[in-house]
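Undergrad: If you want the building blocks of each chain, they are given just below.
Number of protein chains: 2
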Amino acid sequence: MRHNFGAGPCILPQEVYKQAAQAVLDFKDGLSILEISHRTPQFEAVVEEATELIKELMNVPAGYSVLFLQGGASMQFAMVPMNLLSTKGFAAYSDTGVWANKAIKEAKMLGKVEVVSSSKSENYNFVPKDFVIPNDADYYHFTSNNTIYGTEVFNFPKTNVPLVCDMSSDILSRTVDVSQFDLIYAGAQKNIGPAGLTVAIVKDEILGKVDRVIPSMMDYKVHIDGKSMYNTPPVFSIYVAMFNLRWLKAKGGVAEIEKDNILKANALYREIDRNKLFKGTCAVEDRSRMNVCFVMEDSSLEKEFLRLADNAGFEGLAGHRSVGGFRASMYNALSINSVHALIELMQDFEEKNK
Amino acid sequence: MRHNFGAGPCILPQEVYKQAAQAVLDFKDGLSILEISHRTPQFEAVVEEATELIKELMNVPAGYSVLFLQGGASMQFAMVPMNLLSTKGFAAYSDTGVWANKAIKEAKMLGKVEVVSSSKSENYNFVPKDFVIPNDADYYHFTSNNTIYGTEVFNFPKTNVPLVCDMSSDILSRTVDVSQFDLIYAGAQKNIGPAGLTVAIVKDEILGKVDRVIPSMMDYKVHIDGKSMYNTPPVFSIYVAMFNLRWLKAKGGVAEIEKDNILKANALYREIDRNKLFKGTCAVEDRSRMNVCFVMEDSSLEKEFLRLADNAGFEGLAGHRSVGGFRASMYNALSINSVHALIELMQDFEEKNK
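Taken in order, these protein sequences are the chains called S and R. Heads up, the first sequence is in this note's numbering, so the first residue is 164 and it goes up one at a time. Heads up, the second sequence is in this note's numbering, so the first residue is 164 and it goes up one at a time.
Don't read these hints as lab results, they were simulated from the structure. Values in this document were obtained by computation on a predicted structure and should not be read as measured data. Any given hint might turn out to be false.
Intra- or inter-copy, both count: the list cannot distinguish identical chains.
To be verified - Here are the simulated EDC-like pairs of lysine to aspartate or glutamate, each with C-alpha atoms no more than 16 Å apart in a straight line:
(1) 265 - 382
(2) 292 - 448
(3) 268 - 382
(4) 191 - 461
(5) 218 - 285
(6) 191 - 473
(7) 271 - 192
(8) 283 - 207
(9) 414 - 258
Taking the hints into account, I'd like the entire structure generated from these sequences.
TA: Rendered as structure tokens:
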């Protein structure tokens with residue numbers, strides 16, 4: 164039994180693996196999902212169901228389009244300014260981690276950017292709160308969960324400019340009011356499905372307002388018109404995402420999984436705070452439920468703990484090199500039993516090192 | 164038993180499906196390939212092996228980089244001019260089909276384009292041959308195989324400007340001298356692997372010569388430096404491509420599969436030419452080995468033939484709407500037995516309609 168705490172591509176439900184494997188052998192009439200034309204009615208139905216499931220699970224209001232794209236959040240870092248940043252205007256960004264910073268870098272290639280808040284000087288260990296978003300910005304961009312540093316934004320900024328959010332690592336893990344946002348995007352490889360797929364949820368009316376020339380593949384409008392099939396989509400990844408979304412719906416939806424995620428996060432943070440060997444790395448009020456970052460009071464013990472964890476079947480617990488220590492990523496499909504197993508391991512280690 | 168003549172995503176070898184399904188259930192230590200971090204040594208080894216297999220199978224010379232990207236050929240239509248078309252220069256293109264035409268359209272968004280040859284007025288039923296590529300073009304772009312119209316370029320143009328080729332539908336189906344080219348790209352979903360993956364083979368020295376600002380994800384140089392892992396790659400598609408490339412190597416490589424492909428194409432074209440009910444749609448000397456397009460002398464019989472084919476287990480034989488009739492796509496993994504079965508069906512149909 165492995166406990167996969169990896170940060171992504173990450174654990175998906177076991178039943179999804181079984182359904183995916185079966186589809187690789189036989190999707191319809193003995194044909195594999197890997198040899199199916201995306202223009203078949205069977206696959207068009209898959210894209211439609213996956214689209215509808217996202218709309219239903221996230222309660223996406225009318226006037227928004229749900230898109231399946233390629234290129235990950237990194238491609239969105241460029242697509243967002245390409246579609247929304249006017250040649251004379253500017254965009255407002257918050258710099259709350261490596262990925263937020265990369266988004267800023269890409270936007271700066273295409274136009275003017277104002278960084279309205281940053282926690283960079285504190286190694287991104289908190290989420291800046293009191294800052295002003297200029298009313299004349301073309302849009303404001305932020306990252307709702309910072310995977311590497313383990314912080315999460317629990318109060319979304321209020322603004323009258325279009326609100327754009329990279330939700331790669333906490334989409335579908337908690338209820339959000341989509342109507343507050345104008346553009347949400349997420350690499351699939353956390354709570355949506357396999358790597359190689361990106362989801363964007365776009366408010367239609369924000370598009371078509373810049374005079375920039377936009378290559379077709381970078382143009383949200385082109386993908387909306389093509390119903391996510393402007394060109395050959397990542398067929399398998401969409402199909403597996405559909406299975407995963409069905410699983411989430413059967414679980415009771417986002418509100419139910421959010422309760423589980425809170426239980427999992429509370430249990431682990433409680434142990435980190437209680438256990439004398441360990442400590443959390445970021446501001447308590449900004450602690451992410453998806454990515455729990457922690458270190459040891461005595462860092463010389465970290466290697467041994469990692470080795471023990473590895474032997475005991477724990478996967479992906481090493482922290483990102485820019486933070487060190489440990490990172491326990493606890494996406495939707497991670498069972499609370501895995502969290503309890505980790506807590507037990509930490510308690511055993513404390514006992515041994517008394 | 165199904166005979167999959169689909170144009171793509173298309174048939175892959177049966178053993179590749181089995182290996183892919185197994186990896187979905189257990190890639191290493193009980194973990195699925197869908198939950199594996201791309202930064203694990205195990206997956207880094209996969210990317211390296213897949214890269215080396217392409218270099219070996221295509222005999223890629225030193226000085227070229229092999230890249231795994233996302234977005235399909237459609238994304239390459241924009242990436243090519245973004246990386247190679249200078250703001251003051253122009254690019255030369257041949258217009259030999261729908262995809263070539265889309266490539267032209269994208270390039271025109273970014274700069275000046277000269278269409279040096281076109282078969283558009285003849286519904287793309289031949290490959291133009293006598294044309295001049297200006298010596299001062301930034302590059303010349305062509306499509307080596309036109310999937311929709313069933314034509315293929317057998318003599319590559321000679322030019323002293325960088326030669327760029329969309330090889331999506333015939334890459335790895337025949338030997339080509341890569342050293343003649345400066346950039347080759349291909350959507351994976353024909354002879355490489357599953358949809359959601361793109362391969363580019365770039366001569367390093369052609370890069371870095373334009374002054375244009377290139378978003379990171381569109382910059383070949385960024386992906387070369389990142390060894391196809393600048394961001395999270397399409398993990399599963401690369402893994403399956405590796406299996407498929409291994410299969411091709413075990414078959415004896417590209418030169419061996421080319422012999423099979425010639426046999427398959429010759430057999431089917433012979434029947435089309437012999438059978439009184441059928442006729443080919445394009446110039447005999449330009450007939451594609453990958454996509455065989457044909458119609459019936461009496462088009463009112465076409466529906467019935469398609470229905471018979473469908474009942475007999477044939478998949479994907481309907482021609483593209485812009486050509487009509489039939490298209491038999493015969494990619495590497497399609498067995499010659501499937502071709503013989505199709506020929507038999509055509510002969511039975513001829514018998515019935517005497």
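Undergrad: Indicate, hint by hint, whether the structure satisfies it.
TA: Do the hints match the structure? See the list:
1. Taking the shortest alpha-carbon separations for residue 265 and residue 382, only the inter-copy value of 15 Å comes in at or below 16 Å, while the best intra-copy value is 20 Å.
2. Only within a single protomer do residue 292 and residue 448 lie at most 16 Å apart by alpha-carbon distance; the minimum there is 11 Å, versus 69 Å between protomers.
3. When the C-alpha separation of residue 268 and residue 382 is checked against a cutoff of 16 Å, the pair qualifies only between copies, where the shortest distance is 14 Å, while the shortest distance within a copy is 20 Å.
4. In the homo-oligomer, the alpha carbons of residue 191 and residue 461 never lie at most 16 Å apart, since the shortest distance is 56 Å inside one protomer and 32 Å across protomers.
5. Taking the closest pair of Cα atoms, residue 218 and residue 285 never come within 16 Å of each other, the shortest separation being 37 Å inside a single copy and 45 Å across copies.
6. In this assembly of identical chains, the alpha carbons of residue 191 and residue 473 lie at most 16 Å apart only when taken from different copies (14 Å versus 40 Å within one copy).
7. Taking identical chains as interchangeable, the C-alpha atoms of residue 271 and residue 192 are never at most 16 Å apart, the minima being 50 Å within one chain and 43 Å between chains.
8. Taking identical chains as interchangeable, the C-alpha atoms of residue 283 and residue 207 are never at most 16 Å apart, the minima being 44 Å within one chain and 30 Å between chains.
9. When the C-alpha separation of residue 414 and residue 258 is checked against a cutoff of 16 Å, the pair qualifies neither within a copy, at 35 Å, nor between copies, at 52 Å.
Hint violations for this structure: numbers 4, 5, 7, 8 and 9, all remaining hints satisfied.
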